[in-house]
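A.B. asks: Taking the hints as your guide, dock the two standalone chains into a single complex.
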Amino acid sequence: MDIIAVDGLVKRYGELLALDHFDLHVAAGEIFGLLGPNGSGKTTSINCMLSLLAYDRGSIRLFGEAMAPTRYDLKRRIGIVPQQVAVFDELTVRENIDYFCSLYIGDRTQRRALVEEAIEFVGLEEFARFRPGKLSGGLLRRLNIACGITHKPELIFFDEPTVAVDPQSRNAILVGIQRLRAEGATVVYTSHYMEEVEQICDRVMIMDHGRALTQGTCDELKRSIRTGERIVVELEGAKGRRGAVRDAAPTPPAIPERELERLRALPHVIDVALDGNLLTVSCEASEHNLTDVLAALRAGKARLGRITCAPPTLNDVFLEITGRELRD
Amino acid sequence: MWTTFKTTVHRLLLTPSAVVWTLIFPIILATVFNFMFEPMRATTSIEAVDVAVVADDSWNASPFSAVVETLAEADEPLIALHAVASEQEARDLIEQGAVEGAYLVEVIDHGEKTALEKGNDADASTASAVTNEAAPAPHVILAPAGNGSADAISHDVNRSIIESIVTGYLQSEALTQQVAASNPAAPADAEAVERALSLDAPVREVSLTHAQPDAMVRYYYALLGMASMFAAQLAEEHVWRLQPMASAEGARRAASGTSRMRQLVPTVGACWAVSSAFLAIAFGYICLTAHIDFGGREALCLAGITAASLLSSGIGAVVGALPGKLERDSRSGLLTAATCLLSLFAGLYGAPAMQLADAVARAFSAAAWLNPVCLIRDMFYSVYYYDTLAPFTLRLLACCGIAVALLAGATWLLRRSAHEHR
Numbered sequence: 009m010d011i012i013a014v015d016g017l018v019k020r021y022g023e024l025l026a027l028d029h030f031d032l033h034v035a036a037g038e039i040f041g042l043l044g045p046n047g048s049g050k051t052t053s054i055n056c057m058l059s060l061l062a063y064d065r066g067s068i069r070l071f072g073e074a075m076a077p078t079r080y081d082l083k084r085r086i087g088i089v090p091q092q093v094a095v096f097d098e099l100t101v102r103e104n105i106d107y108f109c110s111l112y113i114g115d116r117t118q119r120r121a122l123v124e125e126a127i128e129f130v131g132l133e134e135f136a137r138f139r140p141g142k143l144s145g146g147l148l149r150r151l152n153i154a155c156g157i158t159h160k161p162e163l164i165f166f167d168e169p170t171v172a173v174d175p176q177s178r179n180a181i182l183v184g185i186q187r188l189r190a191e192g193a194t195v196v197y198t199s200h201y202m203e204e205v206e207q208i209c210d211r212v213m214i215m216d217h218g219r220a221l222t223q224g225t226c227d228e229l230k231r232s233i234r235t236g237e238r239i240v241v242e243l244e245g246a247k248g249r250r251g252a253v254r255d256a257a258p259t260p261p262a263i264p265e266r267e268l269e270r271l272r273a274l275p276h277v278i279d280v281a282l283d284g285n286l287l288t289v290s291c292e293a294s295e296h297n298l299t300d301v302l303a304a305l306r307a308g309k310a311r312l313g314r315i316t317c318a319p320p321t322l323n324d325v326f327l328e329i330t331g332r333e334l335r336d
Numbered sequence: 020m021w022t023t024f025k026t027t028v029h030r031l032l033l034t035p036s037a038v039v040w041t042l043i044f045p046i047i048l049a050t051v052f053n054f055m056f057e058p059m060r061a062t063t064s065i066e067a068v069d070v071a072v073v074a075d076d077s078w079n080a081s082p083f084s085a086v087v088e089t090l091a092e093a094d095e096p097l098i099a100l101h102a103v104a105s106e107q108e109a110r111d112l113i114e115q116g117a118v119e120g121a122y123l124v125e126v127i128d129h130g131e132k133t134a135l136e137k138g139n140d141a142d143a144s145t146a147s148a149v150t151n152e153a154a155p156a157p158h159v160i161l162a163p164a165g166n167g168s169a170d171a172i173s174h175d176v177n178r179s180i181i182e183s184i185v186t187g188y189l190q191s192e193a194l195t196q197q198v199a200a201s202n203p204a205a206p207a208d209a210e211a212v213e214r215a216l217s218l219d220a221p222v223r224e225v226s227l228t229h230a231q232p233d234a235m236v237r238y239y240y241a242l243l244g245m246a247s248m249f250a251a252q253l254a255e256e257h258v259w260r261l262q263p264m265a266s267a268e269g270a271r272r273a274a275s276g277t278s279r280m281r282q283l284v285p286t287v288g289a290c291w292a293v294s295s296a297f298l299a300i301a302f303g304y305i306c307l308t309a310h311i312d313f314g315g316r317e318a319l320c321l322a323g324i325t326a327a328s329l330l331s332s333g334i335g336a337v338v339g340a341l342p343g344k345l346e347r348d349s350r351s352g353l354l355t356a357a358t359c360l361l362s363l364f365a366g367l368y369g370a371p372a373m374q375l376a377d378a379v380a381r382a383f384s385a386a387a388w389l390n391p392v393c394l395i396r397d398m399f400y401s402v403y404y405y406d407t408l409a410p411f412t413l414r415l416l417a418c419c420g421i422a423v424a425l426l427a428g429a430t431w432l433l434r435r436s437a438h439e440h441r
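First to last, the sequence lines map onto chains A and B. Each position in the first sequence, counted from 1, maps to that position plus 8 in the numbering used here. Each position in the second sequence, counted from 1, maps to that position plus 19 in the numbering used here.
Here chain B stands alone, though its shape is the one from the complex (with noise of 0.2 Å):
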């Protein structure tokens, strides 16, 4: 058997289309997917807004400008700050286009100004804050708003991150300063202080997933259900093989001193080896290269991919066996586009097919788990998403289940053939 074993393990890798079809397509798709999908990904990272800043003495004096200067030090800054001398530079640089709005401190007038407002100039719209006494505060400049247009979202999102920025800030001195006149020892705690001036203090960050959710990443997992699939035609070629009538050295094997059970289980294990070396591989390349995430449980998504290998082996290896004098290309003509369909109704082709694979998903529910390419794709989908491993270990156990009973399927039908004329 283990001759066998390392026999069959050396035809494979001395296969062109074996190599091809389970190693290099999922990588060649993986790399489509990534140039697909990269421009997606950059429009919903947030880059830092272009701020400036009147650096004038009250701008320097106030505790406003340490806030801000936090934030665009930080790893992944939100603001990039540009300094000006006055705020006739920052309204130029505004009209250039240069920055999104302006920081500026000064001391308000609040007969003038009483509340949060906004100018009704063309250029620029101002902004500041209802304060108690002619005291120096946060003042912000912001751009015109966009008008509507998808290219103006972005600028719109912009505009509202600046001035949420000075809102918060000031939304959290008053609440220090109405603190300190109920409980005049209160300003003393430094932590409190510190937990007042926080922009988002009162704001308790939950997620319902165990990780980001990204949509992007569901592809990558129905390219792992379909590259499973195509690993399908490694057994299906050598088991097929292994039939009396489909060749001379088949003949030779079936009238051997060993049972063809002794033959198939090393047959079938070398291509469950090789068809789960090549999707690790694939794997590897899908994480290292479109940095596709894992929700950090690679380790588990390498147990999904030897399930997934061990059940795509076992649907190759039925239809290797199956009996009758359907030549080997034919085979794999059914193997290839029994995957194409079934890649389709788990969503591989892109956002029309995605929504086909959830509506028929919705409808049958049943179908996730019968469609392999679905079942392998939610096995990694699972193991993503949940907090608890219940889900992945269910698919992962009904991988193995299915592929068992396939296997005990492949034996009956194998010990049937017989080396009938062609």
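Just chain A, same shape as in the assembly (with noise of 0.2 Å):
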């Protein structure tokens, strides 16, 4: 059964269109990753599926029911860890663990136990004394997600919970996740750190101009786009230094120019871009793309260093997909 079931949602600002017929089904136990470039209507479907948001057109079913604003019944099954960290300063992180559990379970016994519970579950057990004012952005971040998550919900929505946070408490808020998906939570995630969305994601729609450009598992969606396979060259002797300014006396390129149009004529290749003495060739899928490339650089009798061939990643995905204009 899908948890989520969002059919032809239309949300307009103004003139604006944020979403724009847009489709989502999550189906239980899944942790589903949204993805987009800032704008593209991440946030507001969201809002529309907390009925936090009003729209125009379409249907929002949650746990198989309609999902209105007065339905606090399914609103009770449901958690959220915003981008922001939405706690209270006033408040010490176990005081405010435990009111924002209040709006979800009011038997008093009952939550206190569960606000231990979250507490151990987020590490912040010798911290739950202090007030916000006291803690790292780390754990100011796993307070947020203690906040989210202590009523047990059975649909969490992560929205963007590791902005500004450093390695370990990155990784520490993703193996979380994985728990709680493996304690039976389905989870919505955005982000723009495509590597913990490959992480942790079993499937992943990219969203653009509040429609869902694409959607799928990782590898899908790495197989769905042109580029197959990316092959890196660093170039020997080069006199060209890597993202160099350019000064009074020009460098000369590392390789010349007729070889890397030579390159781009080959069969496969996608794009050549050369920087420094660095060479990047993306090529569509092919069994025969390095030995292709490899033999044009010999035959310009380019000295070779090391080389690299990679399979696309899911930020080629999100760029070939998106384009690589500036957002805001």
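Quick caveat, the hints were computed from the structure, so don't treat them as lab data. It cannot be assumed that every hint is accurate.
Reference excerpt, derived from the structure (chain B facing chain A, CB under 8 Å, subset only) [as the list claims (entries may be wrong)]:
| hint | residue |
| --- | --- |
| 1 | T22 |
| 2 | H29 |
| 3 | L33 |
| 4 | T34 |
| 5 | P35 |
| 6 | S36 |
| 7 | S105 |
| 8 | R237 |
| 9 | P263 |
| 10 | A267 |
| 11 | E268 |
| 12 | A270 |
| 13 | R272 |
| 14 | P342 |
All C-beta atoms, glycine included, are put in the ideal place defined by N, C-alpha and C.
C.D. replies: Right, dumping it as structure tokens:
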């Protein structure tokens, strides 16, 4: 059964079409990644699902039932971890967790046990009496998560929970999310960190301009794009410096332009880029890409150093689908 | 709901701005008022008037000496006596300014002085009484009259006090003699004699108000009105924070399993409780430190404070629940400006403001009901002045009624709020 079933959702802010017939289906027990550039409609879609926003058209069903602002029975089964740390500065860690849990669970005895469990889950035992002002960024993020999961929700929305967090805390958060899934929760996860999404998400949707552009597992998405392989060659003896700023005497390129043109003319080659002595050749999926590229370089008498060959990343998928132009 | 109430109280007590504006500020303003008004109160209180008495045998034998000594020994003495041996010594003290007058008892030759007379000499004037026979009679010597300046007013008041004491006594004495002449048995009735000799026997004091009128209390009542309005900021901030677009925790609460109504009620309740407590402390300070009279109805005043806090919480809740992108600082500024403006029309800022407030009240009597500061001020006013509690009850109910209407409005507004992009 789909825990989330969103169909044909339309949301307008005046003239701006924020969601354009947006569809989303998330199965029980999934960690679902929602990706998209800034302003693509990720947060708007989540706010609509949480009934924080009214929408113009479409339907939202959670747990198989129509979601509405007064469906507190459904809301009690949902947890939210917003992008901003949403806690009270005047309360201690334990008081914050208890307060937000009280919005879902009235029984004090039951709540007390859940609060202690949540504190332990995010590893804040030593800081339970601290106020948020005394916590580091990573600890604050963990407190933010604890406030969203204490009541043991069946569906949890994580909106960029690892922003400005060090690698250790990030890893702890990701491991925690996987534990929540293992305990039976369904997770919707938004992030701009592609490696995180690749690491934990079962399925991913890339959206832009309020529409779902593509969705599937990470492997399915990688296979769906034109780029099948990326060959990176370090050229030896090159005079060019990577990322060098142009000065009065222009540095000659590491490889002549005609050799680059020869590479571009190879079958399956999509793009060739030279940055200093680092040559990157993006190719469509093919069995002969590496041999073809190396043969062309040798023919041009290039001195080759280290060579790596890698499949496309989720980042490649994202950029190819949403474009490379800058967003706000 | 209880956890929300408790948490909000906890947060309010730890919010410096809440404590400063609702508790510290009225106390500071009351202290300032106290320093401003204390000299004015001092000038209106009556201090004992210094009077010399020529304590010779005639004085000691006269019943007038007993009357004068009673007045001098009262809890709040009207006169302070300075015994001297002779009339000349008394005149010297008057000349030195040590006393405002002198009493002496001596035999009057009524051929010489036939009426209450004031002497023509520049140093002092003399008054005595008409008596029908040569008997010892009270006699008063007064310091010269003042020159009409502001400082001389209290001097002239003192002169008239000294003079009226002896005049009143002589009138009573004459009355007793007349009664004795018409009814010889009457002097045997000690109570009747005492009544006749009593200075205020023919006077019955009546009061049109519940308490002694005091012009200063209006400022303190207006101050309580202003402090109540400042307390509106508590509800304004905490209701605003319930809105999903206001903050991340607002969004988190709006998306939670508790309805907004069930969050609004304990939140406003907590603001009401805290503002009531803060205002009660300020009220206690005003009572105990500034010695402001609330007509002995302090318990009713606490009920009034509770109603005033409810009204301010209602106002704050509506401002906090207003839709739109108005930031918290703008809402707070709006409330502060409104509080200051409404306090002006409640007469808080001194005599000219009070005159303006009175003029507005005369021209538009409804303004006193529409301006919350005026309404709260008048609520305390009515508990202070009126014998009946009807005007107080009416205003208390008005505060509660308006507050309930405002809270209903805040609930309606809050239920409509959404997490629109800012």
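A.B. asks: The hint names L33/B as touching chain A; please verify it with the least Cβ-Cβ distance against 8 Å.
C.D. replies: At about 4 Å, which falls below the 8 Å cut-off, the nearest Cβ of chain A leaves the hint on L33/B intact, so it holds.
A.B. asks: Given R237/B as an interface hint, is the shortest Cβ-Cβ distance to chain A below 8 Å?
C.D. replies: violated, 38 Å
A.B. asks: Once the shortest beta carbon distance from T34/B to chain A is found, is it less than 8 Å?
C.D. replies: holds, 7 Å
A.B. asks: Can the hint on H29/B be confirmed by a CB-to-CB distance to chain A that is less than 8 Å?
C.D. replies: This hint holds: H29/B lies near chain A, its Cβ roughly 7 Å from the closest one there, short of 8 Å.
A.B. asks: Do the numbers back the hint for R272/B, that is, is its least Cβ distance to chain A under 8 Å?
C.D. replies: holds, 6 Å
A.B. asks: Does A267/B pass the interface hint, meaning its C-beta sits closer than 8 Å to a C-beta of chain A?
C.D. replies: Since chain A brings a Cβ to about 3 Å from A267/B, closer than 8 Å, the hint holds.
A.B. asks: So, P342/B near chain A? Judge it on the closest CB pair being under 8 Å.
C.D. replies: violated, 13 Å
A.B. asks: The hint names S36/B as touching chain A; please verify it with the least Cβ-Cβ distance against 8 Å.
C.D. replies: Hint on S36/B: violated, closest Cβ of chain A at ~12 Å, above 8 Å.
A.B. asks: Should the interface hint for P263/B be scored as holding, given a Cβ-Cβ cut-off of 8 Å against chain A?
C.D. replies: holds, 5 Å
A.B. asks: Would you settle whether the hint for A270/B is holds or violated, based on the nearest Cβ-Cβ distance to chain A being less than 8 Å?
C.D. replies: holds, 6 Å
A.B. asks: Was the hint right that P35/B lines chain A, CB cutoff 8 Å?
C.D. replies: Because about 10 Å separates P35/B from the closest Cβ in chain A, which is outside the 8 Å limit, the hint is violated.
A.B. asks: With 8 Å as the cut and Cβ atoms as the points, is E268/B at the interface with chain A?
C.D. replies: Since chain A brings a Cβ to about 4 Å from E268/B, closer than 8 Å, the hint holds.
In summary, the numbered hints that this structure violates are 5, 6, 7, 8, 14.
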